[in-house]
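Protein chains in written order, with our numbering: chain A, 11 to 361; chain B, 382 to 972.
For the record, the hints were derived by calculation from the structure and aren't laboratory data. For every residue, glycine included, the Cβ atom is placed at its ideal position computed from N, Cα and C. Careful: at least some of the hints might be erroneous.
[Claimed, not checked] Keeping only pairs whose Cα atoms sit at most 25 Å apart, straight-line, the calculated DSS-like set for lysine-lysine is:
#1 B:458 / A:26
#2 B:395 / B:586
#3 B:878 / B:383
#4 A:171 / B:878
#5 A:171 / A:253
#6 B:716 / B:643
#7 B:716 / A:16
#8 A:242 / B:878
#9 B:688 / B:586
#10 B:458 / A:16
#11 B:491 / B:814
[As the list claims (entries may be wrong)] Taking beta-carbon pairs under 8 Å as the criterion, some of the chain A residues facing chain B (in silico):
#12 12
#13 14
#14 21
#15 22
#16 44
#17 46
#18 48
#19 50
#20 54
#21 106
#22 109
#23 110
#24 169
#25 229
#26 241
#27 242
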Amino acid sequence: MSYITKPVARHPGQRKNSLGLTARDYEGGMSTLCAGCGHDSITAALVQAFFELEVQPHRVAKLSGIGCSSKTPAYFLSASHGLNSVHGRMPSIATGANAACSDLTYVGVSGDGDSLSIGLGQFAHALRRNLNMLYIIENNGVYGLTKGQFSASADVGSKSKRGIPNQFEPIDPVLTAIALGGSFVARSFSGDKHQLVPLIKAGMAHKGFALLDVISPCVTFNDHDGSTKSYKYTRDNFAEVNKADFVPHAQEITVKYDQGSLQPVTLHDGSRVFLRKVTEEYDPTDRSSASAYIQRHQQKGEVVTGLLYMNSDAPDMHATNNTVSQALRDHEYSDLCPGPDALKALQQGYR
Amino acid sequence: MKPTDTSNPDYYHKVVDCQWACPAHTNVPEYIRLIANGQFSDAYMLNRKSNVFPAILGRVCDRPCEPACRRRRVDEKPVAICRLKRVAADHRDDITDRLPVAPEQKNGKKIACIGAGCASLTVANDLAPLGYEVVIYEALDKSGGLMRTNIPAFRLPAEVLDEEINYILDMGIDLRLNSPVNSMQELLDEGYDAVFVGSGAPKGKELNLPGREDTDRIHIGIEWLESVAFEHIDSIGEKVLIIGVGNTAMDCCRTSLRLGGKDVKVMARKPRGFFKASDWELEDAEEEHVEIVINHSPKEFVIEDGKLVGMLFDEMEYDINDQGRITDSRVIGEKFFPCDDVILAIGQENAFPWIERDLGIEFDQWDVPVVDAATFQSTREGVFFGGDSAFGPKNIIWAVEHGHQASISIHNHCQGQALTERLPRSMNLNSTKMGIHEWSYSNDYNPAGRRQMQHVDLSERFKKINIEVELGFSLEQVVTEVERCMNCDVQTVFFDKLCIECDACIDICPVDCLTITHSGSEEELRQRLSAPAENPEQDLFVSGDLPQTGRVMIKDEDVCVHCGLCAERCPTGAWDMQQFKINIPYAKDHQ
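Based on the sequences and whatever the hints tell you, model everything.
Now the structure itself:
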């Protein structure tokens, strides 16, 4: 933990976005995570993505549970709404917040413990409901905050720092999400911002539950030889199926693409994701083949990354529940709570 | 780009912008830290090692360090390096027992120095401790050269000058005042083992326009300042025109105000931005209500009934291109300015009427001696030049450095060594790590602005000619100003084999100076870093291949604030903050 705060000095040539903000205006407090933690790189990627998307910080709500990962929201967007919930219960809080204020951008940051152990039930149902949010799992395979026990995402045979191999089958967040009807499922690596930043942007623009599983090495407890979530292992076994380029709505496409290998996906808000295929056979719109591909390659020890599954037509929670389009926050109180007479009339209707 | 060779001392030296820019390579960050620590005497002695005259230079140095200061590139105004030097001098204890001493036993070699200015004094300072007998010939009846005659006492008090000069003279230097050297031949005949010419550039430039010879109210700036310094002149007319806008002009106009000038104008031929005077000297003159008139080119001295009544000027107009260069100029009118006196401050040159031209000392087409830029030897063996007399007017700090280098040559010459056998510069790097996130330097960036020097009130300062205008920094000012220094000598040292490419350093860097990427040509790389590296004068550090991906770490040195966060956030110790010390060899190291 650094004792000083980040110097206010900035690069004189720092760019500003259309809001007049620099990337540094999207930062938060100083990280107290271990030096070299992958989570801090994800934080930096989020800062960059928000800056490039020209998001107004006060239109964002950042939510988390408990754990190293869940400290992350303190380190970006200090001018946003935020809530640290009970362990594993962030999806419920996000659901409630989203129900009331549907017009904010929701970013949930969780970890493999918070989402796949204590919070697995919550995680699964937020997925099923297709809650409109970006849900990042900072996945390092260990419980860092309690000194390095295996988490539910640790691979069989992956060794602990003391050399003991893990014996339990892992819960893979990506395969789980595809199986449970996730509408946007991606995996990336904290050490590759070129891949991570566009996926964060696409996930935020996606209307529905965007799961982004980010391999984020725990530099203190899980970055040794024998670990399958270390920087080196992830780099050596990195298997990218496609490269995503995110083009926001109304922005002209200036990059030239080789049409043959290009897969454009238009999102709900009009923005587009261009997927350049790295693996010819991979189709991120076909749920069963995608799932099979990931499983097959995972068995070979590969870390399959990219935008792995996407269905931009799946209705989100508000669409399914047929709620009003305007955020509840913006309704008159008398509309939201019409009084005892209206309640009586309603109850009467059920008799 | 090839990996950077950081074993070459020049690489890290260049990162310490102030020290690199200082002709004498004063270790600025280290002396600022010593001041911060209250070690004023230590800070003074560190200064003295390289620049010999800290109290003098702390007032009147031309400060090449300040425009170079990195702080300027992140925060507009540089650290007040020069003023902090004065702080060290003002608050030092008695340091006389720490000064070099001349040995009882001399080495039998005798050196003559011509002119008792900063160059000769530096030679004496460097050679007397080695056992040399040094004789200084001075034409005037006081030592100090241009430091005394051309810098007014309200900027540099005589006591300050005397004290630091005496530190040197007290080593048993044979100073012969009122002893002009009228013939080099005669001096050489006296059998000195070496002669050092440090006689300065004492000839002020003339302005030959109609009327020049018809009055005695036109003065040559440096001669006039000298007469004022020696109290031969104690008044001037109410209306004074200064021709020229260099630092001498600033001293002339401010001196005029103290001798009775009421309406003093500095006449500049060109617009602002083309002035030779340092910004701070301009500011100080304007604070005293000197008017600087731009775009007026002198045309004629107007004499009526044998009396100077004013000057006629051509009004100029200039075309200036995007690069700020003048592309064309024209006269658009004519204007008369009334005046009682005119002071010419349009430059000065060296003159050697006393050096016979048949001694083997060659002079070039401009009648300037041919001097080797590294050894300072003339074309005659054993005759050396330094200071303004070597390469024309520069400033005190350059003269000091010439003195150091000439001393090495003189020493080698006297010891029968080749002059070119000079020790190379070397460096030391020491980790400043004290704990997990603790360093032995203050790495916390202080966003405070530059402290403003307090001046004596305008109403007070003109009462006497020698009231020092600048009051020095207060304690509060010192405490803040030292923290503005970013410790650029504490280098970010990178060990590529330890890097696991976690990006932590890149993510934390407040000024976006780090990038991990594939190498390329410098030109192309400069455009695709975390932030474009648009200052070509600042180097890019390029590491060797990183173990995991074979990419390289690149650091743009330009605006690094040396906060050490890259090293604090590095899990493997691939970055370390190491204090860099350059070892500059002097004559004493060549024994």
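Verification of the supplied hints:
1. B:458 / A:26: Roughly 23 Å between the alpha carbons, so the hint for residue 458 of chain B and residue 26 of chain A holds.
2. B:395 / B:586: violated (36 Å)
3. B:878 / B:383: holds (16 Å)
4. A:171 / B:878: Holds, at about 22 Å.
5. A:171 / A:253: violated (33 Å)
6. B:716 / B:643: holds (21 Å)
7. B:716 / A:16: violated (57 Å)
8. A:242 / B:878: Given pair residue 242 of chain A, residue 878 of chain B holds - Cα atoms ~14 Å apart, limit 25 Å.
9. B:688 / B:586: Satisfied, since the Cα-Cα distance of roughly 23 Å is no more than 25 Å.
10. B:458 / A:16: holds (21 Å)
11. B:491 / B:814: At roughly 49 Å apart (the allowed maximum being 25 Å), residue 814 of chain B and residue 491 of chain B break the hint.
12. 12: Holds. Min distance 5 Å.
13. 14: holds (4 Å)
14. 21: holds (4 Å)
15. 22: Holds - the Cβ of residue 22 of chain A comes within 8 Å of chain B, reaching about 7 Å at its closest.
16. 44: holds (7 Å)
17. 46: holds (3 Å)
18. 48: With a closest approach of 7 Å, the residue 48 of chain A hint holds.
19. 50: holds (6 Å)
20. 54: Holds, about 4 Å.
21. 106: The hint is violated - residue 106 of chain A has no Cβ within 8 Å of chain B, the shortest such distance being about 32 Å.
22. 109: violated (34 Å)
23. 110: violated (34 Å)
24. 169: Nearest chain B Cβ about 18 Å off; hint violated.
25. 229: holds (4 Å)
26. 241: holds (5 Å)
27. 242: holds (6 Å)
Violated hints, listed in ascending order, are 2, 5, 7, 11, 21, 22, 23 and 24; each of the other numbered hints is respected by the structure.
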